[in-house]
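Line order of the protein sequences matches chains W and B. The opening residue of the first sequence carries number 1 in the numbering used here; numbering runs sequentially from there. The opening residue of the second sequence carries number 1 in the numbering used here; numbering runs sequentially from there.
Hints were generated in silico from the structure; no laboratory data involved. Ideal placement from N, C-alpha and C gives every residue a C-beta, glycine not left out. Please note: incorrect hints may appear among the correct ones.
Unchecked claim - Label pairs and their in silico Cβ distance ranges: (1) W:Asp22 to B:Asp120: 31 to 39 Å; (2) B:Asp223 to W:Ile46: 34 to 42 Å; (3) B:Asp73 to W:Leu39: 55 to 63 Å; (4) W:Ile46 to B:Gly248: 24 to 32 Å; (5) B:Gly248 to W:Pro69: 49 to 57 Å; (6) W:Ser105 to B:Asp73: 51 to 59 Å; (7) B:His298 to W:Pro69: 43 to 51 Å.
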Amino acid sequence: MTAPAASLNPAPGGGLDDLPGDLMVLARAAWPTADQDALPGLPGFIVSSFSPLAAELAERCLRRYFGPPPADPTRAEQTAIVLASTTGDIATAVAVAQAVDQGRSVPPLLFYQSNANAVAGHVAARWGLGGPVECTIPAGRGLPDALEVATLLIEGGDAAAALVILADQRRHDGDTGTALLIGPASWPPAAEDPAPPG
Amino acid sequence: MAEVAAAGQDREDGARVAVTGLSATSAFGRGAQPLVAGALRGQPAFGPVGRFDAAARRTQAAAELPGAPLLADELAAAIETACDEAGLDRPQRAQAVFLLALHTDAAAARDTAVDVVTNDTAGRVAARCGLPDPPRVYATACVAASTAIADAAAMIVSDRADRVVIAAGYLVEADSFALFDGGRVLARDGQVRPFSAGRQGMLLGDGVAAVVLESAAAARRRDAPVSAWLAGWGRAGDAYHVCQPSPGGDGLARAIAAALRRGRVDPADLGYVNANGPGTSFADSSEAAALHRALGSHAAKVPVSSTKALHGHALEASALLEFVLTVTSLRAGILPVNAGFLAPDPDCELDLVLGEAREARYRYALSLNAAFGGANTALLVAAA
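Same shape as in the complex, but just chain W (with noise of 0.2 Å):
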């Protein structure tokens, strides 16, 4: 169960505080949640964990709020993706430069993979959001900068709504990971949630 959206602690990094009075989280997930916390393998996505990440994210988050997958169509259509990295995919373009480097053909699908809107476009398919797919490496401040990204997609009337996802991937720290889905607050909260006091 997801807690209530006006109860939820600021990320790492802070940012929910800028979020304008009409907007609201309406489910967030995080990674890892526990030291065992596993990531599941995502067809069609090799060598380097930052897809996987941001899939499952993705689906922990979404789940939360429209339960299992399609979301509900009307508001998924105008839900957008806001995929953000501080790192980007550094596995992925170390497997490119290994393979050029030794003069081995690069692997199809790492073709795809080495860029973040493959694994967007996987979410965005598998949950039918059909807003705008937007791909950033904030310069320093992660979380806030995605939001802020996100809000000017909403408030622009782009979309409605919008998954912020924040995957970091370090080559000797280990992953590390947030998903928001923020949206209107006439938006109704999770089913499974109380709703949010006030």
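Take the given structure of chain W and dock chain B to it, following the hints.
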């Protein structure tokens, strides 16, 4: 959309976004003029790859500048030119917002001390040009730069910014060449043939561009030259596949409709469409379907060309390069040719600009882009 503040001219201008400076570098040379001249000549800029050994690849062609240009230098030069054209002094640059679209940095992938796929190019370029550090790098593949333009426009009409400098750069290099070769999407015949029967795929090309966007009120206050207006923009997703576009062009059609709606422009008033048209089988037919879906009967009448057949695909920078070419073509009164065409494809029934560039006077043009993940953008340009 943000409310516009006042009545009369201010109200009209408050919802408008001015293009006050632009520049582009491509295999045709440095500056917007060589680009539009190349489009007028209609001769593709592709040749054998000279920057690295491509002998082991299925394709050996790309559109490259001669020598070994450095991305940071090319970006800084393009930004300087665009800012000079806009007449921005140092204080005005320092107060602008700077948005940047870049490809993954090949050097960063080889530097084990670096924990991010882009290096410090963004900060170094900003410092050289007197701009603030960009808040983020746009990495939305082939719509990265058009997404940055749309974000800039949204910032301007919502009064978050008066002035935004957008830049984007990609120079052909071995890693992405190997990726696209491995994905078997590069044209083995060394030509890009958008919307044509017998098309074999895309080819990569150098592209660096910079654009200055301002609110109409800010441009008017300092009597800035206005090259064109960004009259509308739209973006939408296909929700279809990791890398293939929706066959019916659903997301792109909604992006086009949104751009026209924002600009309050009827499809009948469009004079030109600079298509995404990478020259791949799926993408071109999907885009043709999107145009028919969004424009109705006018889709068969509006002149269309993909200039990727001339300058190649500059990945994260392609949309900005094509936006610059769309603006300069509108100003010059030309319709760039859809080069490489062999024969009609029944899945791409459009009024393609074939043979050579045409002269034409028109008021509105669309610049379209689409990317992996079903990301689509449409930018609507209006004559100044």
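Consistency of the hints with the structure:
1. Checked against the hint of 31 to 39 Å, the pair W:Asp22 and B:Asp120 passes, with Cβ atoms roughly 38 Å apart.
2. Distance hint check for B:Asp223 and W:Ile46: the Cβ-Cβ separation is about 56 Å, which falls outside the suggested range of 34 to 42 Å.
3. In this structure the supplied range 55 to 63 Å is violated for B:Asp73 paired with W:Leu39, their Cβ-Cβ distance being about 40 Å.
4. At about 30 Å, the CB distance of W:Ile46 to B:Gly248 agrees with the hint of 24 to 32 Å.
5. The beta-carbon spacing between B:Gly248 and W:Pro69, approximately 21 Å, falls outside the hinted interval of 49 to 57 Å.
6. As the Cβ distance of W:Ser105 to B:Asp73 is approximately 32 Å, the hint placing it in 51 to 59 Å is violated.
7. Distance hint for B:His298 and W:Pro69: a CB-CB separation of about 37 Å, inconsistent with the stated range 43 to 51 Å.
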